[in-house]
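Starting from the structure of chain A, add chain B where the hints point.
Number of protein chains: 2
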Amino acid sequence: MATQPVLISGRWRAGRATGVFRADNPRTKEPLPDEYPISSWTDCTEALDSAVDAAETLRSVAPERIALFLERFAERIEANKEAFVEMAHAETGLPKSPRLADGELPRTTNQLRQAAAAAREGSWALPTIDSAANIRSILGPIGPVCVFGPNNFPFAFGSCSGGDFAAAIAAGCPVIGKANSSHPGTTRLFAVEALQALGEYGLPLSTVQLIYRTSHVDGERLVSDPRTGAIGYTGSRHAGLKLKAVADEVGKPIYLELSSVNPVVILPGALKERRDAIVQEFTSSCLMGTGQFCTNPGLLVLIDGPETNDFLTKAAAGFQAAPVGTLLSRGVESSLAESIRKLVAAGAKPLVGNQLGGGAGYSFANTLLRVDGRKFLDQAEAFQTEAFGNASLVVVADHVEQAAMILQRLEGNLTGCVYSDTRGEDDEIYERLVPILRQRVGRLLNDKMPTGVAVSAAMNHGGPFPATGHPGFTAVGIPASIRRFGALHCYDGVRAHRLPTALQDRNPTGQTWRLIDGQWSQADVAKK
Amino acid sequence: MATQPVLISGRWRAGRATGVFRADNPRTKEPLPDEYPISSWTDCTEALDSAVDAAETLRSVAPERIALFLERFAERIEANKEAFVEMAHAETGLPKSPRLADGELPRTTNQLRQAAAAAREGSWALPTIDSAANIRSILGPIGPVCVFGPNNFPFAFGSCSGGDFAAAIAAGCPVIGKANSSHPGTTRLFAVEALQALGEYGLPLSTVQLIYRTSHVDGERLVSDPRTGAIGYTGSRHAGLKLKAVADEVGKPIYLELSSVNPVVILPGALKERRDAIVQEFTSSCLMGTGQFCTNPGLLVLIDGPETNDFLTKAAAGFQAAPVGTLLSRGVESSLAESIRKLVAAGAKPLVGNQLGGGAGYSFANTLLRVDGRKFLDQAEAFQTEAFGNASLVVVADHVEQAAMILQRLEGNLTGCVYSDTRGEDDEIYERLVPILRQRVGRLLNDKMPTGVAVSAAMNHGGPFPATGHPGFTAVGIPASIRRFGALHCYDGVRAHRLPTALQDRNPTGQTWRLIDGQWSQADVAKK
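So the sequences go chain by chain: A and B.
According to the working numbering, the first sequence holds residues 2 to 529 in order.
According to the working numbering, the second sequence holds residues 2 to 529 in order.
Hints were generated in silico from the structure; no laboratory data involved.
Misleading hints may appear alongside valid ones.
One copy or any two copies: either way a pair holds, since identical chains are not told apart in the list.
[As the list claims (entries may be wrong)] List of simulated lysine-lysine pairs, DSBU-like, C-alpha gap at most 30 Å:
#, residue 1, residue 2
1, K528, K449
2, K449, K529
3, K243, K343
One chain only, chain A, in its complex shape:
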């Protein structure tokens, strides 16, 4: 049983390790065979040096080659699809099909291809030209990006394959991937293919590097190191805020995606009109992927009325009847149990579930909790404890104004949904509640659950703190997610031949949108 190598400076080598770890198979609770090194600072600092070199080289690489790399990488992932699905299934317990093979993997390669197209086309960087003053600006690569991937999407948010990775590379930034400790093997497979694809297009081999784990102290050194340009982090709030604190102190942009309870408000008219359909949507959205989505609807807000009890009874029955899925890890299981314990301690009443087990391996019964509006308001913070997994809390408000007060107490969230009657009966309540909700969420939905996160240019997978660290950025959706990894570079009176291609008079692709003298245009700069 060998310890797997790290990928640093373009080659696979033994980690300079302070220890090793193994991931569990969550369905069997048994450790998987491979060992992975816990890297020392020696690995981190070597990776940073190499990333700086790669960043320098990448600055003069044509965007076309970066695009070709991303496309080739996507092809190689598809060609090795079985291996990825097998490994991810073993490490995460997520179903091979449709989830991994037919959902997440195509999403991942699609995302890489969208990033490739954006890199090639160049509009993401908002090239801006003031021809009269000869001042020109563009978002240039911010430097090496450290990506910390989450446990729940081993492909689509993976540190060497996912959204942050694709966005950073498209921006021209090398990536140092820190694997999620629950799926190091999957991440390693991605890095293997990435390295091959880099070689095929002659890109610097240190454009993609991989370590699996570090000490907390070294993780903090990594994100605050002068060589680091920016950080993408998706994961727990606790660890994320620790990294944010050290990154902020030295002014490193850190893009976080932390916790979110994703409030869903169901208005009385909607319940009257289509209660059973909504029960169905809610139940399947809550339990999808065993509830382990960043956008899982963890907080349902109802306004007490004739349908309330029926809704809750049917939802509880749905939770009861649905199979109990496997959780991603021992840590997810214990933190779900702990969160539910806190919610119950605060006064939430379990309608169904609330016990360990029930599924293969790490698992917890599908759990639905209920609390009254008044009680929620008494301990609004405690009742917003995220229960990451197959559990949700229903808050039943006495009336619309109490629902408004509840929404006013919400922390920042990724999403907020409102179901309303299609004939307009709820419109007055909608008008009352939505302005409050709007300010507290990144994405507002009507009449649908938040779990689907389309890779769309208009998507916002972000939101106010503490859902993320800055409400202006999204982790999903191209081109906006790429802009996180750009530094604004202005060229004032710089001689024409020294300008980046995208800022020269001639449109470099004939396709690049540029803001020229106040108008977006794909044309060349007009001759004077």
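Relative to the frame of chain A, chain B by itself:
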């Protein structure tokens, strides 16, 4: 001698004060007659409550009315020009003409009108529409913005008149202005005109509020309060980093513009070609406004050669011959003296100046210092001490590679300039040095000094930490500066009539640029 009132909740009233202060006339070193309150938390919290109300109302105000307000405000400033110029001259010592009356005031009203045009037109918010998925997003107002203005531009960066103010209002955010303590009266005059203009267009009167000073503790509470949406701060690094720390902790976007030494590299060919012209440009850029520009060229890098001594002799003579201007305040005078003391203690040799006085009121002799490259590298941090005022440090590198090492040691700066020979003699050195410089500055200039900051869409008045807090944003230049005060608001499946006007199928102005299905367009969304 009455204490001037604060502007809170739409009316001028006595501050709930913990004390009072007066500003000095820097030319006489005598206190000016008016007293201003040091606000207690009572004032701050009332302003925050009112700002939240104003923010709510503003969300449903048509951008056209915000634009009309900004334009009317600009008109009212122009109509009262004499009073503004008199007051600012008394409080800052800056010359009435051309500086205040013919430079900064027109710049300020121009900036307000550009912000008005951007608000009216709406493209700044990057409205993005995915018509197939019916997902739409736009930057919406982030909430109340606290603006802390600097001492050096009482109009153009003033907390109730300048770039941050104009950008926040254009984004639909109310402003709580914290006057700079060195020119409270000027700020008050702006708030008087703003309140009148708000009334004329029926905007919430709490859209603009003004306090003059708070305790440090209350300032920190203000920026970290849940009601605050974002902060714009221009000023000293020390105070700015304190505010950043508390804002970061609660995830409030804080846009800082802090210190910058603005390196200027003069290559040997340029010196050979046009030494005297460059001496002239350097001297006047350094001493303009008594050196009190954020983009003042505080660090000149030369590569030792036959022209070096001549250049330095002539520059020193220029510094000696130029009149010594008045500094903005006692604090500026003492901190300039202290910075120069530090530079000298580290080993810089004064070529000219290095003594207090020489001008009217607060003043310090025009000072040019010199240090060798090797010595600079030994204490690179100390030699980057910003000497805010009429002083610059010249570093003479032994050779190109040493210059490269010097640039590698630079902190983040707003600007970086390179002068090179027009016939291409310096091109090789340029290629060696500029990639290093590029990553360390927001704006790269060729063959000109950095002091001019055009209000251009392509401007970047920003840069890597610690020049600012995030390298992706600019404090000057519309539309980009407005985007700092936007939160990304996504609408996923939201019914058509509930969408913000700018995201509905019909282009609201016929002029608004929107990214529709991957293409920038001023058209309506095509019917399916």
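Status of each hint after checking the structure:
no.: 1; hint: K528 with K449; result: between (51 Å within a copy, 23 Å between copies)
no.: 2; hint: K449 with K529; result: between (53 Å within a copy, 22 Å between copies)
no.: 3; hint: K243 with K343; result: within (23 Å within a copy, 35 Å between copies)
Checked against the numbered hints above, the structure violates none of them.
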